[in-house]
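Participant: Sequences listed follow chains A and B, in order.
In terms of the numbering used here, the first sequence is residues 87 to 446.
In terms of the numbering used here, the second sequence is residues 87 to 446.
Mixed in with the good hints, there may be bad ones.
Said to hold, decoys possible - In silico contact screen, one side only, chain A against chain B (beta carbon under 8 Å); selected entries: (1) Asp249; (2) Arg251; (3) Gly339; (4) Leu340; (5) Thr358; (6) Met359; (7) Ser360; (8) Ala382; (9) Phe384; (10) Ala385; (11) Glu393; (12) Phe418.
It should be emphasised that the hints constitute simulated quantities derived from the structure, not laboratory data.
Note that CB positions come from ideal geometry on N, CA and C, so glycine has one too.
Protein chains: 2
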Amino acid sequence: MPALQNDTLIRALLRQPTPYTPVWLMRQAGRYLPEYRATRQRAGSFLALAKSPTLATEVTLQPLERYRLDAAILFSDILTVPDAMGLGLYFADGEGPRFHNPVRDAASVAKLFVPDPSRELRYVIDAVSEIRRALNNRVPLIGFSGSPYTLACYMVEGGGSEDFRTIKTMLYSEPALLHRILEINARAVIDYLNAQIEAGAQAVMIFDTWGGNLSHAAFREFSLAYTRRVLAGLKREHDGVRIPSIVFTKGGGLWLSDIAASGSDAVGLDWTMSLGDARKLVKDQVALQGNMDPMALFASTDAVRTEVARVLADFGAGPGHVFNLGHGISQFTPPDSVAALVDAVHALSPAYHDGDSVPR
Amino acid sequence: MPALQNDTLIRALLRQPTPYTPVWLMRQAGRYLPEYRATRQRAGSFLALAKSPTLATEVTLQPLERYRLDAAILFSDILTVPDAMGLGLYFADGEGPRFHNPVRDAASVAKLFVPDPSRELRYVIDAVSEIRRALNNRVPLIGFSGSPYTLACYMVEGGGSEDFRTIKTMLYSEPALLHRILEINARAVIDYLNAQIEAGAQAVMIFDTWGGNLSHAAFREFSLAYTRRVLAGLKREHDGVRIPSIVFTKGGGLWLSDIAASGSDAVGLDWTMSLGDARKLVKDQVALQGNMDPMALFASTDAVRTEVARVLADFGAGPGHVFNLGHGISQFTPPDSVAALVDAVHALSPAYHDGDSVPR
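Could you put together the complete structure from these sequences and hints?
Facilitator: Below you can see the structure in the form of structure tokens.
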């Protein structure tokens with residue numbers, strides 16, 4: 087395999103020296119880009135877009151045409167896995183994702199199965215291959231999955247939720263039932279991410295979007311335990327090349343020590359925790375990814391630059407930082423703000439890498 | 087003034103010995119109670135209910151008739167203060183609170199003023215007096231206000247928000263403008279809480295409901311700095327009796343050390359942080375209030391009891407714990423679950439207060 091032209095992301099995730107801090111943005115291929123909205127309109131619906139490898143490739147590459155980003159991330163939906171389990175994903179008008187067949191009792195849990203990525207999730211795996219070909223080794227491609235708990239939230243609630251009452255009722259009343267769902271989800275996520283790796287994903291990220299809604303005790307039992315199981319089941323290498331992993335629990339700052347010990351190479355952080363404090367806590371255990379408030383992108387480009395400078399200074403000198411937002415970029419973000427962010431990271435970060443750029 | 091018949095809440099907030107752990111619930115006078123829904127229907131609207139001292143007294147006392155709670159909390163709306171500033175509070179059908187006149191530019195900020203509690207907020211102060219008379223010293227009455235930042239969120243957004251885009255745009259683009267709003271809010275909250283204290287509130291709580299949406303740096307600058315200012319301006323005594331204060335920042339666990347040093351007697355915690363860990367961190371600085379997941383009340387009464395036991399054990403032996411949920415009780419909560427919670431706290435907590443019950 088030819089080497090990556092830009093491997094700063096991979097090196098930073100492995101806490102190796104880089105000449106600057108690599109940057110990508112969660113949901114970087116998304117509605118804030120007019121070209122994304124055009125492709126989506128052509129596709130007819132979000133699901134049609136996500137299920138077409140060719141269109142998924144097109145939108146995955148769009149932000150790279152505009153900005154000097156250091157990584158691509160697979161364009162896909164977080165709910166592909168439960169959809170492949172037969173839950174029937176759909177998008178109600180103006181609302182978020184919903185499932186026709188939510189999983190709320192022993193009978194529906196008994197029907198769950200671990201999808202075969204080469205069959206039920208073929209369209210995702212094909213997208214990974216097609217994106218890799220289109221990227222032509224410019225930057226690495228990040229694959230991803232929802233965490234077992236986050237997938238379970240949607241599966242049990244039947245969609246998004248404000249209070250997660252349905253899954254928490256199950257958690258507190260019938261914990262064994264929830265554990266069965268989580269066990270199946272963990273096996274499904276392992277197979278799914280490993281298939282992405284085999285198809286060409288050069289790093290993988292686990293989004294534990296809803297883990298932060300749990301109590302400190304429940305988080306460890308129902309979310310982190312299964313994320314750890316996924317990490318233990320992941321291929322760490324493909325074709326002789328290390329495949330780094332990232333775990334991101336929104337709202338998980340209080341649990342950072344435990345998350346950092348779960349076996350991933352890097353941990354994503356939202357904007358509520360200082361990267362400097364986080365670094366002191368995790369020491370050399372993991373790289374850190376984050377953590378600018380996405381709402382700072384609604385300020386002037388000068389203010390964007392100030393915030394970028396603040397985040398870089400907060401992490402400080404040395405390797406192991408991947409610049410990102412602390413959450414997915416808002417659909418209302420002015421595209422020029424993203425240019426200001428990416429340029430500022432590339433302009434300001436070399437100062438924090440003096441002496442890092444020596445090749446090993 | 088005659089002494090309180092049950093002063094366990096006040097003593098626990100001041101970290102003095104008590105024979106058991108006192109318990110009350112955020113939003114304990116609320117929609118989960120059929121008698122509350124009946125009074126509200128009689129009132130015609132939520133605002134009519136909140137603005138009638140007699141009806142506010144009625145619903146404040148309702149949960150005390152059902153449960154052996156150790157405190158009453160003033161029934162009122164969190165947005166009384168901005169409403170008194172002329173923003174025009176209303177409730178759209180099926181939605182949350184809204185303002186007719188949100189505050190988004192220098193011109194509207196210039197019009198803000200510090201309301202006189204004895205005039206524009208007379209109905210709240212009258213409610214405090216009337217509730218005190220009705221309580222007849224059974225248990226203490228807690229007064230409350232939103233924090234300056236939380237009030238500003240509603241004032242700038244014009245209502246609730248998912249991403250707080252409008253206030254954050256102001257925060258990152260025109261921080262001086264937001265500081266002016268916060269300064270006025272802080273003075274208004276001081277006057278408002280001191281008027282509640284003079285009318286009979288025996289403890290006060292500051293709800294920083296939205297502080298948790300800020301970055302670690304912005305939280306200190308735009309929320310905590312003004313909460314601290316409020317605490318510094320509060321009457322600490324009334325009629326020779328100490329008036330303890332409680333600060334609750336939802337999602338603020340990561341910032342607990344700073345919050346605990348802000349000058350309050352107690353800090354509320356949501357369910358994401360272990361009370362035991364929190365106690366190690368704050369040592370003897372403050373009492374702690376919380377922190378059961380409100381969703382645990384949807385499980386069986388056995389499970390409720392298990393969660394109560396877990397929270398009590400987590401805090402451990404000794405004074406300084408006020409049992410509460412980690413957030414307001416859900417409107418869908420079965421009332422019997424609350425009975426199970428309150429009974430479990432009273433039944434299980436004396437074991438953690440061996441030797442505490444000696445009167446001073």
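Participant: State for each hint whether it applies.
Facilitator: A quick look at each hint next to the structure:
no., hint, in the structure
1, Asp249, "6 Å, holds"
2, Arg251, "6 Å, holds"
3, Gly339, "5 Å, holds"
4, Leu340, "5 Å, holds"
5, Thr358, "6 Å, holds"
6, Met359, "5 Å, holds"
7, Ser360, "5 Å, holds"
8, Ala382, "5 Å, holds"
9, Phe384, "4 Å, holds"
10, Ala385, "3 Å, holds"
11, Glu393, "7 Å, holds"
12, Phe418, "7 Å, holds"
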